[in-house]
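*Asks:* With UniProt numbering applied, the sequence shown corresponds to residues 1 to 149, in that order.
Calculated from the structure, these hints are not laboratory results. All of these numbers come straight from a predicted model, not from anything done at the bench. Everything hinted at is true.
Derived lysine to aspartate or glutamate pairs resembling EDC-like cross-links, with alpha carbons at most 16 Å apart:
id	residue 1	residue 2
1	Lys141	Glu95
2	Lys141	Glu29
3	Lys141	Glu6
4	Lys141	Asp11
5	Lys141	Glu93
6	Lys141	Asp9
7	Lys118	Asp83
Simulated restraints on C-beta separations:
id	residue 1	residue 2	range
8	Phe124	Gly43	29 to 37 Å
9	Arg39	Val72	16 to 24 Å
10	Arg102	Ile4	19 to 27 Å
11	Ala19	Gln99	13 to 21 Å
12	Val72	Lys118	31 to 39 Å
13	Val7	Arg146	19 to 27 Å
14	Leu32	Ala3	16 to 24 Å
15	Leu116	Glu142	30 to 38 Å
16	Leu116	Pro44	31 to 39 Å
Cβ coordinates follow ideal geometry from the N, Cα and C atoms, glycine included.
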Amino acid sequence: MSAIREVIDIDCSPDEVFAYVTDSSHLPEWQLSAVAAERLDEGPLHEGSRVRVTRRVGTREMPMTLEFTEIVPPYSWGLHGVDGPVRAHVRGEVEPLEQGRRSRVTMEADFEGHGLGKVLVPLFVRRQLRTELPRDEQLLKERLERDVA
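Given only the sequences and the hints, what does the whole structure look like? Please build it.
*Replies:* Written as structure tokens, this is what we have:
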């Protein structure tokens, strides 16, 4: 299956967008399924940094660890799941618009299932993300534009 992809324009600079989306403490503010998130290491964000995210999938809460596979401030980031039955592969891009005063944000996600996840991914997870990702991007836009204003 192909990745689920959404694009939205935000009235914030790429630096502001990138800093916000790569700070795991903000995930529950703009991702509907994120119940909690915490960074598992200290220091500057780098490839290999890990984040523990607890997500609501259907009626269950599932903790998962994600590892950054790409960090190119303020233009792109990537993460992949390293444990749990549902392992995400996420990539985000920030494109500057209007001399860097606005940003176009593109997010793509796909999943692989392990054990029970082989059933959850096609039945629940992909369907939930197709509905949730556009709303997540809208929440991201509202949060950033409100905080910057």
